[in-house]
Structure formats: C-alpha cells, structure tokens
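*Asks:* Here's the letter readout for the chains.
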Amino acid sequence: MSIFETVAIYVAAPVALYGLTALLTMVPGRAKKRQKYSPGQQWEFPAQWWAGDRAIAPTDQALVVAGTEGGARGTW
Amino acid sequence: MAPGELARIEPAGQVEPWKPATCGPTGFADLPLDNKELEILDEVIDGAERVTGLRFSAYLGDLGADSRATALGLHAGLGSDAPSAVLLALSPGQRIVEVVTGTVAALRITDRAARLAVLNVVSSAGNGDLQAALINGIRTLADQAGTLPDRSSW
Numbered sequence: 000m001s002i003f004e005t006v007a008i009y010v011a012a013p014v015a016l017y018g019l020t021a022l023l024t025m026v027p028g029r030a031k032k033r034q035k036y037s038p039g040q041q042w043e044f045p046a047q048w049w050a051g052d053r054a055i056a057p058t059d060q061a062l063v064v065a066g067t068e069g070g071a072r073g074t075w
Numbered sequence: 000m001a002p003g004e005l006a007r008i009e010p011a012g013q014v015e016p017w018k019p020a021t022c023g024p025t026g027f028a029d030l031p032l033d034n035k036e037l038e039i040l041d042e043v044i045d046g047a048e049r050v051t052g053l054r055f056s057a058y059l060g061d062l063g064a065d066s067r068a069t070a071l072g073l074h075a076g077l078g079s080d081a082p083s084a085v086l087l088a089l090s091p092g093q094r095i096v097e098v099v100t101g102t103v104a105a106l107r108i109t110d111r112a113a114r115l116a117v118l119n120v121v122s123s124a125g126n127g128d129l130q131a132a133l134i135n136g137i138r139t140l141a142d143q144a145g146t147l148p149d150r151s152s153w
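Residue numbers (numbering that gives the first Met the number 0), protein chains in the order written: chain A, 0 to 75; chain B, 0 to 153.
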C-alpha cells in the first residue's frame with residue numbers, strides 16, 4: 000500500500016465521515032418552523048378554549064351569589 | 000378475483016390531488032401551540048384541578064372590544080361549574096389578559112392573588128412565550144387557591 004492509499008484510508012475517509020455527520024447535524028431540519036409570537040403582531044389564529052374535565056369539589060350553593068365574580072386584568 | 004388483487008385500476012394519468020380530510024382530527028399545524036405544548040398545558044390544568052378542586056379553564060383568542068364582558072361570558076359558559084371555575088383568558092392580538100374567578104372560587108383566589116397571576120402572565124407573554132404565559136398563570140392561580148386538605152396526599 001502506497002503512502003497515498005494509507006493516508007486516504009486512515010485519514011481522509013474518517014475525516015470525510017466526521018464532516019458528513021457534522022454537516023447533517025448543523026443543517027437545520029426540513030420541518031416547517033412554527034412562527035413565534037412576538038408582542039404587537041397581528042393574531043389571526045382561531046380562538047381556542049381549554050378546560051379540565053376532572054370532577055371538581057362540590058360547590059356550596061349557599062355561597063353562590065350572582066355578580067360577585069372576581070378577577071384581574073392586565074396588558075403587556 | 001384473487002385475494003390481494005386491486006378491485007379497481009385507475010386509468011393512467013388520472014391522479015386525484017390529495018384533499019384534507021373533511022372529518023376527524025385535522026391536526027395542529029396551523030395553530031399557535033403544537034401537540035407537545037398542548038399536552039403540557041393539559042397536564043398543568045389537570046394538576047391544578049386535582050389539588051384545588053376548582054375548575055380551571057384557559058382561553059387563547061380575541062376578546063373583543065369589551066374584554067371583561069367577553070371573559071365573563073366565557074366563564075358563564077362553563078355552566079354549573081362556573082361558580083367554582085377560574086378562567087384565564089389571553090388575547091395576544093390586543094395584548095390583554097383577563098382572569099375571572101367564579102363566586103366561590105373568588106373566596107379562595109382573591110383579586111390580589113389574581114393580580115399576581117396576571118403579573119406572571121404579562122412577564123411571559125411580553126417575552127413572546129404564550130405557552131409559558133398560560134402555564135405560569137394557571138400554576139400561580141392554583142398555588143394561590145391552595146390545596147384541599149383531603150387532597151393533600153393525592
């Protein structure tokens with residue numbers, strides 16, 4: 000085996016493999032990137048509403064008074 | 000006809016273009032939160048309901064001109080659970096967050112505690128992270144409501 004063949008097999012081939020692996024790792028995926036929300040941009044998604052379905056603790060009806068909902072609001 | 004044989008052979012060159020399904024789940028590709036984020040949100044809502052015994056609800060969408068009235072309408076839509084329900088509503092387009100606590104839930108989550116959750120939501124949403132805004136808001140509200148004594152070992 001000549002010196003060129005030795006270098007090609009034991010140096011160039013591993014370097015090429017490492018390079019290919021590194022390239023595949025660093026190239027961004029083909030999956031479509033979801034657009035990140037940034038404050039101030041338009042919001043064109045449909046409204047979504049979630050709620051849990053776990054059985055809640057029984058409500059004491061004596062405490063229920065209409066119009067006494069609490070809460071808070073804020074802006075960013 | 001032998002088993003495995005095609006029942007009908009399409010004439011060459013007549014390929015029907017793919018159409019989205021008209022029924023069944025349609026996927027989340029065009030929605031703001033992906034499946035993984037929705038799963039985490041679901042776990043957070045479930046955990047909050049488990050320890051507090053309250054109904055937790057999250058809304059992400061437009062709240063209209065009168066955001067408080069819209070949020071109250073959504074909260075009332077929870078039906079018989081509404082008095083014990085907590086609604087966290089985010090409107091990213093308007094940059095508004097509304098927390099509504101039902102009449103019974105308001106006894107456990109004071110308006111001051113709700114403002115703490117709002118502060119938490121605002122800081123996350125201001126960074127553009129709506130998933131964290133929803134999750135942190137619900138976790139804060141659940142923390143403020145406290146754990147039911149009979150559920151502390153669940």
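If you're looking for bench data, these hints aren't it; they were derived computationally from the structure. None of these values were measured; they are calculated from a predicted model. Hints are not guaranteed to be accurate.
What the hints assert, rightly or not - If you want the footprint, here are the derived chain B segments under chain A, 3+ residues with CB under 8 angstroms:
#1 43–50
#2 53–65
#3 102–113
What the hints assert, rightly or not - Residues of chain B clear of chain A, computed beta-carbon distances all greater than 10 angstroms:
#4 R94
#5 E97
#6 N135
#7 G145
#8 S151
#9 S152
Note that the Cβ used here is the ideal one computed from N, Cα and C, for glycine as well.
*Asks:* Next, verify each hint and record whether it holds.
*Replies:* Hints, verified against the model:
1. 43–50: Coverage by chain A holds here, the residue count being 5 at a Cβ distance below 8 angstroms.
2. 53–65: holds (count 9)
3. 102–113: With 9 residues in contact (Cβ-Cβ under 8 angstroms with chain A), the coverage given for the segment 102–113 of chain B holds.
4. R94: violated, 5 angstroms
5. E97: Since the minimum Cβ distance to chain A is about 5 angstroms, E97(B) lies within 10 angstroms and the statement is violated.
6. N135: holds, 13 angstroms
7. G145: G145(B) is indeed farther than 10 angstroms from all Cβ atoms of chain A, at 12 angstroms.
8. S151: holds, 13 angstroms
9. S152: holds, 15 angstroms
Against the hints set out earlier in the document, violations occur for numbers 4, 5.
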